[in-house]
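Visitor: Let's have the full structure, built from the sequences with the hints guiding it.
There are 2 protein chains.
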Amino acid sequence: MNNKPTIHDIAKALNINSSTVSRALNDSPRVTLKTKEKILKKAEELGYKRNVLASSLRKNVTNTLGVIVPRISRHFFSSAIQGIEETAYLAGYNVIICQSLEQLEREQSIVNGLVEKRVDGVLISISMETLNYQHLEIVKNSNIPLVFFDRHCNEAGNSNVLIDDFKGGFDATEHLILQGNKNIVHFSGPNELEIYKNRLAGYKAALKKHNIAFNPENVIVTRLMEDDGFKSMQTILNLKQKIDAVFSANDMAAIGAIKCIKQSNLKIPDDIAIVGFSNEPISTVIEPSLTTIDQSGLEIGKTAAALILSYIENKQIPEKGENIVLKANLIERNSSKRN
Amino acid sequence: MNNKPTIHDIAKALNINSSTVSRALNDSPRVTLKTKEKILKKAEELGYKRNVLASSLRKNVTNTLGVIVPRISRHFFSSAIQGIEETAYLAGYNVIICQSLEQLEREQSIVNGLVEKRVDGVLISISMETLNYQHLEIVKNSNIPLVFFDRHCNEAGNSNVLIDDFKGGFDATEHLILQGNKNIVHFSGPNELEIYKNRLAGYKAALKKHNIAFNPENVIVTRLMEDDGFKSMQTILNLKQKIDAVFSANDMAAIGAIKCIKQSNLKIPDDIAIVGFSNEPISTVIEPSLTTIDQSGLEIGKTAAALILSYIENKQIPEKGENIVLKANLIERNSSKRN
DNA sequence: CTGTTAGCGCTTTCAG
DNA sequence: CTGAAAGCGCTAACAG
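Chains A and B supply the protein sequences, listed in that same order.
The UniProt record's numbering puts the first residue of the first sequence at 1, with every later residue one more than the last.
The UniProt record's numbering puts the first residue of the second sequence at 1, with every later residue one more than the last.
It should be emphasised that the hints constitute simulated quantities derived from the structure, not laboratory data.
These numbers come from a predicted model, not from an experiment.
Some hints could be false.
Put simply, identical chains are the same to the list, so a pair is met inside one copy or across any two.
As a list, the in silico DSSO-like pairs of lysine-lysine whose alpha-carbon atoms are at most 27 Å apart [claimed, not checked]:
hint : residue 1 : residue 2
1    : Lys12     : Lys59
2    : Lys140    : Lys42
3    : Lys49     : Lys59
4    : Lys49     : Lys320
5    : Lys4      : Lys140
6    : Lys302    : Lys320
7    : Lys182    : Lys59
8    : Lys59     : Lys4
9    : Lys204    : Lys242
10   : Lys4      : Lys182
11   : Lys49     : Lys167
12   : Lys242    : Lys41
13   : Lys208    : Lys327
Guide: Here it is, written out as structure tokens:
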């Protein structure tokens, strides 16, 4: 039991050559059905398990995808991972999951590890500390397909699967404006991340369309953790100037904000309206009337996996890269209008 | 860039032997500091990335853990995975995540794949369809350490990291009894899973302690999805006989039950009390006064990973297996008592 | 249809 | 301290 049988053991037992065994196990058409059966039976009998390591080394293919996310337990990412795993599994691929914990240094070391493991493709949602893509060069240089998802990359030559953040930001803001809100604060994230840049741009565009002057002080930049949302909301409530509404660029911060509001015994959306870019089911449970811009982690995961698998199977990475933009839909759970 | 440099390329460029290069890259003490530096520099220069595949094949060690869970996006499991990844990462291990989707067949095929990939250890939370452990024999026969977590295994010779389900079930039920509830329904899961068996046993024990007769009709067995909880609660509400309280063996079903109750305009816990075995933050958000038996996915994941890593590093799997039992604490968020 | 042979890239004896 | 050589288990030419 200890020393696992190899194809040589099977070959020896059957007095044939190991390459025939290899062919039989790979269901090559160049082996008689008879010998094939004989071999399969003997393999079963010996408790043979093929050594994928050796096979991978030889074939230069691992049937493994590397996935890097900031944090596995965030609902959006775990849904995305679920989607990735599902499509990968159907295609016969495994996924190695790694989390950067929002740290660039960890991300770098992970990327190196994945390249060393010779994964066939890398799917990444970059950390908040990732300001450039230098550490990802090694992936491309190794001819390993790379696909960004959600937290994507604006540099040319890369492929992304993303949410239409601009439109999402625009829709969220316009929705708030149409509800009669004028003074709308935007909770934004690190400006280096495209998603936050674009959501902010959408926010600005909506203001402009409705002839509302953009006030830079109405943009609060944090890391958008729940705590950040809570604190930002506290700040707002202490302002002399009245704020009508908040568009939060993510769900965690929205949750924090909602909790803060509820604690102050104010009403949503009567006293202050909120729209969150959301995938966290909590946010709508905590405030059933919450309007959200919904993004499906599962869908984005499946799409990203399908994309990278196509690159791998075709042995070709598009030089110019390509973007797949998924829609994020505004879901209105309360239609009460202001004045 | 296409053909990756190997240690031989480095060796050739430096006019030394590849074994010296190998030693240098592995920081062996049997190489001069000078040559070491020379080699490291050249490696950097050539953009050398070690081929872990080849190394693994030779050393018979992959530094990879296989993890099998029913579904990645369930909050408890994604937390557990996060914990596993964190401890694994610190020890220099990667994790391959697979989901059985509660299907035995998939679980079987996954297990085979992981053995073929020569993972150094397997962590598993079995599917609801898993009635015996035959398909896991191959793991043990391959001398690969195996640790069950949460949904564990009662067969001798296995190692488990688990929640004290009996005590959890007992505490939940006793809590409900002490609140004045007499007629308590228990939502249970497939009886083949130890966790549900034990939670049910705890429920029975608490009834017995307080001299309440056990009524088999008060145990509703489903797969404990949200939908199941909803439907079970509907059934209960339609009963002639009045039910005071429900102890749900998992969080999803509790959420369904709560939604059903709210829809009926009844109050929790005044009209009907609920305690859920829970890790899903939603359940307490949806019903802030909900009492739960809290289990930490993160902690269980970390513990399980640490355990299996110790087996791997010591190259020894305890023959008798061992159980690490973590406590699940009853968290009471509302102390209102019934008459 | 089957066998022979070489080698994927690395580590690890064994010599020196 | 360094080199030579063998081999982990498999696959893929190339012969036959």
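Visitor: Each hint needs a verdict: does it hold in this structure or not?
Guide: Results for each hint:
1. Lys12 - Lys59: Both ways: Lys12 and Lys59 sit 24 Å apart in one copy and 25 Å across, limit 27 Å.
2. Lys140 - Lys42: Between copies only: 21 Å across, 43 Å inside.
3. Lys49 - Lys59: Classified as both; 18 Å inside a copy, 18 Å across copies.
4. Lys49 - Lys320: Classified as between: cross-chain Cα gap 26 Å, same-chain 41 Å, threshold 27 Å.
5. Lys4 - Lys140: Between copies only: 12 Å across chains, 37 Å inside a chain, cut-off 27 Å.
6. Lys302 - Lys320: within (22 Å within a copy, 42 Å between copies)
7. Lys182 - Lys59: neither (62 Å within a copy, 66 Å between copies)
8. Lys59 - Lys4: both (21 Å within a copy, 14 Å between copies)
9. Lys204 - Lys242: within (19 Å within a copy, 57 Å between copies)
10. Lys4 - Lys182: neither (71 Å within a copy, 58 Å between copies)
11. Lys49 - Lys167: Close neither inside one copy (51 Å) nor across copies (41 Å); limit 27 Å.
12. Lys242 - Lys41: Classified as neither; 78 Å inside a copy, 61 Å across copies.
13. Lys208 - Lys327: within (22 Å within a copy, 56 Å between copies)
Comparing the model with each earlier hint shows violations of hints 7, 10, 11, 12; every other hint is respected.
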